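Peer 1: Below, each chain spelled out in residue letters.
2 protein chains.
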Amino acid sequence: MKKLRLFTPGPTMVPEDVLLEMARPMEHHRTGWYREMHKELHENLQYLFQTTGTCLTFTGSGTSAMEACIVGCCPPGHKALVIENGKFAERWAKVCETFSIDHTALSIPWGRGAKASDISAALKADPKIDTVVVVHSETSTASVSDVEGIAKVTRERGALLLVDGITAVGAIPLRMDSWGIDTYVTGSQKALMLPPGLAFAAVGDRAWERIDSGKMPVLYNDLKAYRKSLETFDAPYTPAVSLVRGANVVLRGIKERGLESVWSETTTLARATRAAVVALGMKVFATDPVDSVTAICIPEGVDEAALRKTMRSRYGFQVAGGQGELKGNIIRFSHMGYVDAFDTLGVIAALELTLKGQGQSVTLGDGLTAAQAVFAEAAG
Amino acid sequence: MKKLRLFTPGPTMVPEDVLLEMARPMEHHRTGWYREMHKELHENLQYLFQTTGTCLTFTGSGTSAMEACIVGCCPPGHKALVIENGKFAERWAKVCETFSIDHTALSIPWGRGAKASDISAALKADPKIDTVVVVHSETSTASVSDVEGIAKVTRERGALLLVDGITAVGAIPLRMDSWGIDTYVTGSQKALMLPPGLAFAAVGDRAWERIDSGKMPVLYNDLKAYRKSLETFDAPYTPAVSLVRGANVVLRGIKERGLESVWSETTTLARATRAAVVALGMKVFATDPVDSVTAICIPEGVDEAALRKTMRSRYGFQVAGGQGELKGNIIRFSHMGYVDAFDTLGVIAALELTLKGQGQSVTLGDGLTAAQAVFAEAAG
Chain A
837 MKKLRLFTPG PTMVPEDVLL EMARPMEHHR TGWYREMHKE LHENLQYLFQ
887 TTGTCLTFTG SGTSAMEACI VGCCPPGHKA LVIENGKFAE RWAKVCETFS
937 IDHTALSIPW GRGAKASDIS AALKADPKID TVVVVHSETS TASVSDVEGI
987 AKVTRERGAL LLVDGITAVG AIPLRMDSWG IDTYVTGSQK ALMLPPGLAF
1037 AAVGDRAWER IDSGKMPVLY NDLKAYRKSL ETFDAPYTPA VSLVRGANVV
1087 LRGIKERGLE SVWSETTTLA RATRAAVVAL GMKVFATDPV DSVTAICIPE
1137 GVDEAALRKT MRSRYGFQVA GGQGELKGNI IRFSHMGYVD AFDTLGVIAA
1187 LELTLKGQGQ SVTLGDGLTA AQAVFAEAAG
Chain B
837 MKKLRLFTPG PTMVPEDVLL EMARPMEHHR TGWYREMHKE LHENLQYLFQ
887 TTGTCLTFTG SGTSAMEACI VGCCPPGHKA LVIENGKFAE RWAKVCETFS
937 IDHTALSIPW GRGAKASDIS AALKADPKID TVVVVHSETS TASVSDVEGI
987 AKVTRERGAL LLVDGITAVG AIPLRMDSWG IDTYVTGSQK ALMLPPGLAF
1037 AAVGDRAWER IDSGKMPVLY NDLKAYRKSL ETFDAPYTPA VSLVRGANVV
1087 LRGIKERGLE SVWSETTTLA RATRAAVVAL GMKVFATDPV DSVTAICIPE
1137 GVDEAALRKT MRSRYGFQVA GGQGELKGNI IRFSHMGYVD AFDTLGVIAA
1187 LELTLKGQGQ SVTLGDGLTA AQAVFAEAAG
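Chains as they are written, first to last, in this note's numbering: chain A, 837 to 1216; chain B, 837 to 1216.
Honestly, the hints are just simulated from the structure, not real lab data.
These figures come from a predicted structure and were not determined experimentally.
Careful: at least some of the hints might be erroneous.
Any copy, or any two copies together, can satisfy a pair, since identical chains are not distinguished.
[As the list claims (entries may be wrong)] Subject to a maximum C-alpha distance of 27 Å in a straight line, what follows is the list of computed BS3-like cross-link-like pairs (lysine-lysine): (1) K1051 <-> K930; (2) K1145 <-> K839; (3) K915 <-> K964; (4) K839 <-> K988; (5) K1060 <-> K839; (6) K1091 <-> K930; (7) K1060 <-> K930; (8) K960 <-> K988; (9) K988 <-> K1145; (10) K1051 <-> K915; (11) K1091 <-> K1119; (12) K839 <-> K1091; (13) K1119 <-> K1051; (14) K1064 <-> K964; (15) K1091 <-> K915; (16) K1145 <-> K1163; (17) K875 <-> K960; (18) K1064 <-> K1163; (19) K838 <-> K923; (20) K875 <-> K839; (21) K875 <-> K1091; (22) K875 <-> K1145; (23) K1145 <-> K964; (24) K1051 <-> K1145; (25) K875 <-> K964.
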């Protein structure tokens, strides 16, 4: 028997009751049934994002909703600062290029998170910047940016802050309104433990003011069309009904557990994994590691592709490799969604066994013991 | 006991084995497993569209893929003719406006399909037109356009033909390559009997030439990005893995039955429904009725909203009302996907009972008998 455990930072494992909810017979979306469901979804999303703002549901990947926010908030006459510290951060600069949005990119080393000081220096250097685009949790490097601090300096400047929170919300602390974030985006297949296919964008009043002030060439990803439909809890284009159905089941569960509990459980999984990595004589890649996903440096002499292959084919653990310039240099384990301490001990055990099998000098149990200590401490 | 039967022209009923396939545990998309599945999907889509061209899979509604085709094929210097004969046709003119695409709209009465002669007259009147946008099956009016004939005159002119086939492909005859269509789009929730969330665009060589010749502001809905990923059977952005999984199950089934059988079965359902409508003293709305969905005129004195409500709440049949200017004037029954003669007799029976209940002078069984005669004839 071999059980599959998905440890990739999205898609993540989907709870069985959510899979079954989505397998229920199809219903039509131009109905009171859908509008009721969408109304509940909206309330659930407001809780998730900790906002009283508008929460829009897109049929698409996270990229669709980020494109919608960047394009909507950057009509001609505005200038964006895009922080580049990983593969996803780079994509948002590409959105600006594609739509001829005036922007400047600030590159910081991969593995480091953006700090408030980075942003305030860049804002000082260019008085034209009135929009800041940042990735909260950069999935490609498993690093976290100080979005709370960045929001402070962005507000002081009177600029908008657009955040990619695709592997952040529902995993690490986020308080959209009290921090002062203007748009915040996520996808369904990360901490929300759903299949891919939905994206969510929370949009605040200051962002709407900007969006309403301009006109950009967007139809499918037009925030205004989504806002208009939301007035009656409809959707501008046919929504992914089954995924919306699953989303409410997940979000009800998160509400019941409480966001603070979810955040602290995620932190414990990440701390345990990092402790195991160190105990096995390996290194965490990020200098500012995020708690939603851990990137582990591949030691000299270890074949990364063979490592992942064995972890999957022999032990049933699917983990992610590196992307872009990090290909071959790191592996990544997710701590998001439907994953617990015992699954995490499992992936550490599989890592130990695979390293040993590749002839590395690891002492079996060292990683497990270190992780176990973290779990015991967290349990109090 | 009340069974629900979904007769809306999308979403349509999803077969139980497809629901269960999509409820299987989540898998990651950057894997050989996904690439194998995507490769099979591509072959299946080529069969569905009857093309050797490129078949792209979008995470989005049909609108996302239509936007992608129109925007990609109409860079500056080109001019589109958009045939407007219903709500969806109007949307494609809106895409042109949004992206500042030079275009002219040809309005023809709702309920009529576009003919080759309409197009050739419009092409003659404006030599600048080099792109024609037409809806194969206009879902809002349940009418069909002569896409085969239109393709002929479009080819003669050397113009591109972009077709919205959202409620056509997999229901009514389509031979993309032999007819000479350049792009053809559908969504997952119609004849493909899947939940909404995927859109498919088939793109031929002449379209690619045009697309490669220009540059338009698109990222999420960029055909070129999808084509590039398809080289390795990957996806540019996280795909809706579970829906793709379901798509192969559906398309294998369609292949096994054979497209000709699927088309002829759909025709039989439509003919039976139209016969029942006439037998009940009612009228089919469209002058060029399509076989994928039937729009029935609401007789004087019948409350359309109450009719639909009773059909749903009392008998479990969810049918669609009219959209836009047709709201309150028609009801629509789908003949697409996972629906057979016996379901169709059911919806006719429910219609008879509901009309009777509203005090209309219908003879119970007249509609059923007329439909039954069509089914008997088709069975040979």
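Peer 1: Classify it for me, K1145 with K839: is the Cα-Cα distance of at most 27 Å met within a copy, between copies, both or neither?
Peer 2: Within one copy only: 15 Å inside a chain, 47 Å across chains, cut-off 27 Å.
Peer 1: Which holds for K960 with K988 at a C-alpha limit of 27 Å: within a copy, between copies, both or neither?
Peer 2: within (14 Å within a copy, 61 Å between copies)
Peer 1: When no copy is named, should K875 and K1091 be tagged within, between, both, or neither for a Cα gap of at most 27 Å?
Peer 2: within (16 Å within a copy, 40 Å between copies)
Peer 1: Can you tell me if K839 and K988 fall within 27 Å by alpha carbon in one copy, between copies, both or neither?
Peer 2: neither (46 Å within a copy, 55 Å between copies)
Peer 1: At 27 Å max between alpha carbons, let me know whether K1051 reaches K1145 within a copy, between copies, both or neither.
Peer 2: neither (48 Å within a copy, 40 Å between copies)
Peer 1: Can you give me the call for K838 and K923, within, between, both or neither, at a CA distance of at most 27 Å?
Peer 2: Answer is neither: 33 Å inside a copy and 51 Å across each miss the 27 Å cutoff.
Peer 1: Checking K1064 and K964: alpha-carbon separation at most 27 Å within a copy, between copies, both or neither?
Peer 2: neither (31 Å within a copy, 36 Å between copies)
Peer 1: Between K1091 and K930, at a C-alpha cutoff of 27 Å, which is it: within one copy, between copies, both, or neither?
Peer 2: Close neither inside one copy (35 Å) nor across copies (40 Å); limit 27 Å.
Peer 1: Tell me, please, which holds for K1064 and K1163 at an alpha-carbon limit of 27 Å: within, between, both or neither?
Peer 2: Answer is between; shortest inter-copy Cα gap is 19 Å, intra-copy 43 Å.
Peer 1: Please work out whether the CA atoms of K1060 and K930 approach to 27 Å or closer within one copy, between two copies, in both situations, or in neither?
Peer 2: both (22 Å within a copy, 15 Å between copies)
Peer 1: Can you give me the call for K988 and K1145, within, between, both or neither, at a CA distance of at most 27 Å?
Peer 2: For K988 and K1145, the Cα distance exceeds 27 Å both inside one copy (44 Å) and across copies (52 Å).
Peer 1: At 27 Å max between alpha carbons, let me know whether K875 reaches K964 within a copy, between copies, both or neither.
Peer 2: neither (39 Å within a copy, 47 Å between copies)
Of the numbered hints stated above, those contradicted by the structure are hints 4, 5, 6, 9, 11, 12, 13, 14, 15, 17, 19, 23, 24, 25, listed in ascending order.
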